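Enquirer: In case you want the letters, here they are:
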Amino acid sequence: MNDEAKVTQMNAARETAVDGAKAAPEPRPAPQKMLNLWIDGIQVTVPEKTTILEAAATVDIRIPSLCYHPDLSVVGACRVCLVEVEGQRNPVPACSFPVSEGMKVTTSSVLLRRLRRDVVELILDNHPQDCQTCMRNLTCELQRLAYELGVWTRLFEGERKRSPVDASSPVRRNAEKCILCGRCARVCAEVQGVYNLSTQKRGFTSVMAPAHEANMIDSVCIHCGQCANVCPTAAFVETASTGPVLRALSNPDIHIVVQTAPAIRATIGEGFGFRPGTPVAGKLVTALRRVGFNKVFDTNFGADLTIVEESTEFISRLQRGERLPLITSCSPGWINFLERFYPELIPLTSSCKSPMSMLSTLLKTYYAQQAGIDPKKIFVVAIMPCTAKKFEAARAEHLTPWGAPYTDAVLTTRELVWLMKTFGVDFHNLEDGMFDSPLGVSSGAADIFGATGGVMEAALRTAYERVTGQELEAVGFEEVRGVEGVREASIDLGGTTINIGVANGLQNAKTLLDRILSGERTYHLIEIMACPGGCVAGGGQPYPPAGMHVLDPKLAKLRAQALYAIDGSKSLRKSHENPAILRLYEHFLGAPNSHLCHELLHTHYAPKLPRGVK
Amino acid sequence: MSPEMLLEIEQEKARAVLPEDIVRYIEDVQGHKHPESYLIPVLHKVQDHFGYLAREQMDAVSVLMQVPAAKVTGVASFYHFFTFTPKGEHRISLCMGTACFVKGADRVLDKLKELLAIDVGQTTEDGLFSIDMARCVGACALAPVMLVDEAVYAEVKPGQVAKILSSYGYSAKKGREARPAGRAGA
Chain A
1 MNDEAKVTQM
11 NAARETAVDG
21 AKAAPEPRPA
31 PQKMLNLWID
41 GIQVTVPEKT
51 TILEAAATVD
61 IRIPSLCYHP
71 DLSVVGACRV
81 CLVEVEGQRN
91 PVPACSFPVS
101 EGMKVTTSSV
111 LLRRLRRDVV
121 ELILDNHPQD
131 CQTCMRNLTC
141 ELQRLAYELG
151 VWTRLFEGER
161 KRSPVDASSP
171 VRRNAEKCIL
181 CGRCARVCAE
191 VQGVYNLSTQ
201 KRGFTSVMAP
211 AHEANMIDSV
221 CIHCGQCANV
231 CPTAAFVETA
241 STGPVLRALS
251 NPDIHIVVQT
261 APAIRATIGE
271 GFGFRPGTPV
281 AGKLVTALRR
291 VGFNKVFDTN
301 FGADLTIVEE
311 STEFISRLQR
321 GERLPLITSC
331 SPGWINFLER
341 FYPELIPLTS
351 SCKSPMSMLS
361 TLLKTYYAQQ
371 AGIDPKKIFV
381 VAIMPCTAKK
391 FEAARAEHLT
401 PWGAPYTDAV
411 LTTRELVWLM
421 KTFGVDFHNL
431 EDGMFDSPLG
441 VSSGAADIFG
451 ATGGVMEAAL
461 RTAYERVTGQ
471 ELEAVGFEEV
481 RGVEGVREAS
491 IDLGGTTINI
501 GVANGLQNAK
511 TLLDRILSGE
521 RTYHLIEIMA
531 CPGGCVAGGG
541 QPYPPAGMHV
551 LDPKLAKLRA
561 QALYAIDGSK
571 SLRKSHENPA
581 ILRLYEHFLG
591 APNSHLCHEL
601 LHTHYAPKLP
611 RGVK
Chain B
1 MSPEMLLEIE
11 QEKARAVLPE
21 DIVRYIEDVQ
31 GHKHPESYLI
41 PVLHKVQDHF
51 GYLAREQMDA
61 VSVLMQVPAA
71 KVTGVASFYH
81 FFTFTPKGEH
91 RISLCMGTAC
101 FVKGADRVLD
111 KLKELLAIDV
121 GQTTEDGLFS
131 IDMARCVGAC
141 ALAPVMLVDE
151 AVYAEVKPGQ
161 VAKILSSYGY
171 SAKKGREARP
181 AGRAGA
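Here the protein sequences come in this chain order: A and B. Numbering follows the working numbering, with no gaps: position 113 of the first sequence is 113. Numbering follows the working numbering, with no gaps: position 130 of the second sequence is 130.
Please note that the accuracy of each hint is not assured.
Said to hold, decoys possible - With the Cβ distance kept under 10 Å, some of the chain B side facing chain A (calculated, not the full set):
#1 Asp59
#2 Ser62
#3 Val63
#4 Gln66
#5 Val75
#6 Phe78
#7 Val148
#8 Ala151
It is worth saying that the hints were derived from the structure and are not from the lab. Source: prediction; values computed, not measured. Yeah, the Cβ is synthetic: ideal placement off N, Cα and C, and Gly gets one too.
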């Protein structure tokens, strides 16, 4: 980084420490009382208030659990994690039972196995037994527990609850598969600040549902899909879009093209057993060709275009002294949250369409024109890490003049993994392929869009050069990278200091947004991604491998590293230097923010009802 | 429409749904330490006023208390006391506690259902009667006990039910015509 681009941290370390610790508003007092206990004969020393389950994890003792999630509050609903504690008459739930000095815990015994087995059988008894035809087959936590605990025979049999499936929105709710662990409601309220789900009714008739047991589409749901990510069964999954894609693939009259989001190349390998954080862009392209897509384009191109449009919007607001901060608009979960929870901030939010919608629009205009194809015969499939993208694609604002959506179908990463498997694609042994030109050419700035802070960094690379007129030598803005919930910094753009804020996870976003509303702090540029960790941990990403869990910052970090590695390996790392983008402006769009750009690449938002409670 | 206006309209609409004293009560408790902990008292007041909890009333409570709607309906649907169907003008509450049951409350209930042609938790089509089951009203010596509104009827026999009901405007003809109220959509 050259001298003029000196970065001053605005108490960044302090902010991070305070804001990063979710659900811990007050810093813990420094000297913590340590307790000694024995778990399966192993001595463990942990701070007081640690639970048995947490203490066991420190010495790699895994206690079976179901409703427990390390990043959510503890409810002790399922009783799968029962352990024996010397002196206690009955087994106790390890997830919620705090350790005490001298405690002796047994985590595994014939009695405990039988109790846990019976608990799981009782849950199974009120659950459809359709594992083979279930979307969570082989990834279901209940199925795995039933195997591990050995529910080979059925000792109990009783009535089973019945409920219609709600497939009204991108997130499909099937209450019959729900085991009432409540993780969905906890992630919705605690991590996303949406509080759309709660236990309705009680006892045998209990369901996890929105208010009035309304359909998801009529609720304050923002379609982020985090409930589907944390759900141990298939009670919440994405609403499948594979059917229309298969039909389009089999229709010879249709020109079917696909675009893949930046985050997919960092995660899809996990669906085939690669370690998290393995970049597989080349194999991904080849696999998509094998499946039968006529052209394989890159949402990265849309990301570069977004940066050029958004930074133009930003610089123009900055120089004209118009309302700031500019808030990014790429994350559709965030946009839904904006419209229902913070509509007063709509005027501050960038009018730029998301990279997906920009590229889809170009595919049915610019690309159709260039390739001489009737745009009505083009079927655009977008591979996204996200369930909310399905909602975005169907929005009235993103329809063609002839009424079809610009993006015809959105598949999540998980759906694409299945599609490849069903086509027998041998992912491991594929050769690397290249995205099709020109809508597949992209800079490294686009790759990092998939990680929290990535859009900000990409925007800064372009804004810096645009404002200062000087070349940015050190391209990486390390201060905006990381997985903490809220990050802030001040950056010098050739004499103009701008304050930036980055938030991921909407509960964290509230912190930033409330600071904007209260005027407590002045910002120039804000990036918000709905999912904790950004798109790499989106609501449509592969279920994590054993030993890792959804919401695990380590997992988001590993996946993000794959994107930063791709960025670092490219020579083209700034969006405004992408030659394909420059050609697009020259031959089609005119200048950034031109009339045609506004017509094709920008959109608008409106307050939505029911409003959410902040 | 500006977002500020939308919020204003939403609040105004919510205020219009609830009676003034409840709106004032909600506003009063906002100054307390845990305003959201007044959710149950507020729902009690709403049900007292309307006889049941309708969707728009629960939404209004959510908006005015700024408690997520999922929580409002979650709490309301958890407690047996809250009901989502309009109650009859006269609320019949039949005790099904142990003492009343062994003294034949079930046969009294059968008679009630037969005469009014509704089930427990339902309201007659003319809105005159609704039947609820109570769990021990603390008058076991009088078993079986039936309450109509505030009046207590002791040692009720199935044969007396028609006479009791007729003192509240029940006529046999009307009773036969009565059908389960189809207003369960609350």
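Enquirer: All hints, please: hold or fail.
Expert: Checked hints:
1. Asp59: For Asp59 (chain B), the interface hint holds, since the closest Cβ of chain A sits about 7 Å away, which is under 10 Å.
2. Ser62: holds, 7 Å
3. Val63: holds, 8 Å
4. Gln66: holds, 5 Å
5. Val75: At 8 Å from the nearest chain A Cβ, Val75 (chain B) passes the 10 Å test, so the hint holds.
6. Phe78: holds, 5 Å
7. Val148: violated, 28 Å
8. Ala151: Not OK, violated: Ala151 (chain B) not within 10 Å of chain A, min 31 Å.
The structure fails to meet hints 7, 8 from the earlier list, while all remaining hints are met.
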